[in-house]
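So the protein sequences, as listed, match chains U and X.
Taking the numbering used here, the leading residue of the first sequence gets 1, the next gets one more, and so forth.
Taking the numbering used here, the leading residue of the second sequence gets 1, the next gets one more, and so forth.
I should point out that these hints are in silico values taken from the structure, not numbers from a laboratory.
You may find that some hints are simply not true.
Said to hold, decoys possible - One-sided and incomplete, this derived list gives chain X residues near chain U with beta-carbon spacing under 7 Å:
1. 90
2. 103
3. 105
4. 110
5. 121
6. 154
7. 156
8. 177
9. 180
10. 181
11. 183
12. 184
13. 187
14. 188
15. 189
Unchecked claim - If we take Cβ atoms under 7 Å as the criterion, some of the chain X residues that face chain U in the derived model are:
16. 78
17. 94
18. 102
19. 117
20. 119
21. 157
22. 208
23. 237
24. 246
Source: prediction; values computed, not measured.
Idealized CB from N, CA, C, for every residue including glycine.
Okay, here's what each chain looks like letter by letter:
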Amino acid sequence: MNTTLPAPWFACLFLREVPAPVSAPGAVAQPGGPEAVAQPFRGGRQELSPGLFDAPGCGTPLDRVLAIARDCSPRVEVAGSRAVLADAAGLTRLFGGPPALGQHLAEVAAARGTPVRVALAATRTTALLSAAARPGVTVVPRGQEAAALAPLPITTLLALEEPVSQPASGSRPRRAQGGGRHYRMAPGPALAGSGAGQALDPVLDTLARWGVHTLGDLAVLPPADLFERLGQTGLRWRQRARGEDDRPLVRHEDEEIFEQHFDLDWPVEGLEPLSFVLARLLDPLCAQLARRDRGAVVLHVWLALVNKTVHHRRLELPVPMRDPKVLRTLVLLDLESHPPAAGIDRVQLVAAPAPGRIVQHSLLRRPLPAPDRVSTLVARLGALLGAGRCGAPRLVDSHRPGIFDMAPFAPEASDPPPPESHGPDEVAHEGARMPAEPAALLRRRRFPVPIQVTVQDGRPVRVAGRQAGVDGTAVLEASGPWRTSGEWWRTANPDPARPRRTSRPWDRDEWDVAVAGGVYRVFRDRITNGWFLAGTWD
Amino acid sequence: MRRRKDETLMAVSQLARTDLEALLRKRQLDGALTSAHPLPDKTAMAPTGLAALDARLGGGWPRGQVSEIVGPACWGRWRVALSSLTAATRRGELVALVDTLDVFDPGPAAALGPHWPYWLWVRGSALGARGGGRLGGRAQHTVLAEALDRAVKATALVLSAGGFGLVVLDLAELPRAVVRGVPFTTWLRLQRMVAGQEAACVIVGADPLARGPRGLTVSLSAAPQGRWRGQGPRARLLCGLGTRACVVRAQRGPEGERDVLIDVPVAEAG
């Protein structure tokens, strides 16, 4: 039995106006890393809408054009930032031939507020170039591609070289095929002749010097001579000028939305029953991520509560993860620290995907624990001690005594320490390689303890303070005063972004005092004229 | 006849002992067997970064064991602990400091040269954070007991996560009554957790508390008022604490000493 494939036809929808970058309404723009477009509950019962951008008036113009093309054909391709190609073969019975299909596409686009130029041809290159250069609806008869393209200006070819823009619906960026270069947006053919397009590309400049101004001029150049002068690039441009395809249509596929939700018959009150619901949701979600070789870098947890509010938690993961047990633990620990205010009616999980992680471990570097184990540990510690109570110390460029900052504990993301030989014979000398060491190390009271200090001749002679653990003890040795002050310029305008304790000015005279019970650092606050215990030398 | 009976009894007792040791090893309780202690391997030690102390410890803190730094306040416990942590990060190991009462100050410690990204700092509740430090009696005891409970739990979490080279639990600021309120089985559980791991667990406290069967106790002592220099009352300068360390171990050390008294330069003038 012979099977006859329909003759190839391609429809190109080309935006008349250069689209401005428009973010989708309602999209959650979150800083830091790849992000899924997640929609919260609306009214407690709506769910994330995968077809959000199919609706008229939503999304970027390119998204709307993509939706129109998909209404007609299942095989569509995004070609540049303004064009969408659709495989129109076999659509005759539906639309009544290429002219009717072109007219239908133009009318639908106009009805949706997205005026486009439409061209239909037997090759995708001809359809794209014709749509880029000619207004309205253009139908190029089969076999007359070169003749139809011949009068078009040579700059029309730049429409084929535009970088592929990423629709807002989350498709992956795809490199433009053919040619390794990406060009800036070329002026539309309507601007041809206005001088725009000159000096955009060295090949075009060369062709212009040769007197080649139209596609027809380029199409008739001898291929051998063109190859000698311009190489494969010249041949490819000539092939395109003749309306011949250098590759087939590549179907555009949207990135999947990784989402799972569950409506509960009865509200869930505690975390333990919720863990079963999370397991039921995370297993298929992680399987979906694994099928696409993706991992979740951000996990959104939307909980619709019985009091008609929505409890949203956003978990930023240090590396892409798709282990359901680890994710469930992290979600539960986060909810333990930030519990919902009421019973849970509905649970929805949305994962922001990222490509799977490929790690090449070093043979020379000490292995570190897996990032998911580290993040689980940090989450458990956060649930136990409170948020911000664990991390890696980070120094602050300030002279304020006791100031510090904390960075997230992510050893995998940091550079390893400089290599250091630590063979058995060198252990004994390791201390000698240490840099200059401080006189001693202070156990600092995060909240200085008020004390009473008796001063004679400007020096402390007796220290008393029940809270500090010293009661009327005579000072045996004293060293000081060491005056330190700073941030007095913040008196008028304290920094609202910083806690009051670290944005206030300080001015103090510090003393190291030795009493019978030990050696302490005390200071006199010159603003309040009070004495405090800053810490203990140990 | 009698000699034969004695030999039989000895064989039976030897067999029973072997069975008992096998059972203990199976349950990872063989640390209590003094006969099974090999000489310390330097690669199985976590050096403290203090050369003199490392030499006396046989290389450093034994891995897979709970060790201790004990002594009164101001006698250099903090310095030994932070030096050990710093040395471990410089070797590329992850370390964790469970700071029960949030007394760690990274600024001065930076002079030791740690690799901060490998340093997990677990901060407990600071003294005075609740009640402004004016709590007294029973209330303060309760607050401190809660802080200790969280710190022990945090240490257990870190040890169970694995991958760390050194874990330090600081209990030095807690009153003895609070620390003694912890059941002894808690420390046994910590030892069970760290057993077989690459990590060395070090507890900083006032008194010996929870040393593992092959762990070490470094008991510190120092001059009561530190070491000072300079002539005249206005030219005095604190230059150190003059700490001395006594190493206590369960069995004989590599050199045959049981207790060793050494000088540790805990604090030198900068």
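Results for each hint:
1. 90: holds (6 Å)
2. 103: For residue 103/X, the interface hint holds, since the closest Cβ of chain U sits about 4 Å away, which is under 7 Å.
3. 105: Hint on residue 105/X: holds, closest Cβ of chain U at ~4 Å, below 7 Å.
4. 110: holds (6 Å)
5. 121: holds (5 Å)
6. 154: holds (6 Å)
7. 156: violated (10 Å)
8. 177: violated (14 Å)
9. 180: Constraint on residue 180/X not satisfied, violated at 18 Å.
10. 181: With a minimum Cβ separation of about 19 Å from chain U (threshold 7 Å), the hint on residue 181/X is violated.
11. 183: violated (19 Å)
12. 184: Because about 22 Å separates residue 184/X from the closest Cβ in chain U, which is outside the 7 Å limit, the hint is violated.
13. 187: violated (19 Å)
14. 188: Not OK, violated: residue 188/X not within 7 Å of chain U, min 21 Å.
15. 189: violated (16 Å)
16. 78: Since chain U brings a Cβ to about 4 Å from residue 78/X, closer than 7 Å, the hint holds.
17. 94: Holds: closest Cβ of chain U sits about 6 Å from residue 94/X, inside 7 Å.
18. 102: Where the cut-off is 7 Å and the nearest Cβ of chain U is about 5 Å from residue 102/X, the hint holds.
19. 117: holds (3 Å)
20. 119: For residue 119/X, the interface hint holds, since the closest Cβ of chain U sits about 6 Å away, which is under 7 Å.
21. 157: For residue 157/X, the interface hint holds, since the closest Cβ of chain U sits about 5 Å away, which is under 7 Å.
22. 208: violated (18 Å)
23. 237: Check passed: Cβ of residue 237/X comes within 5 Å of chain U, closer than 7 Å.
24. 246: Result: violated, 17 Å to nearest chain U Cβ.
Violated hints for the displayed structure, listed by number in ascending order: 7, 8, 9, 10, 11, 12, 13, 14, 15, 22 and 24.
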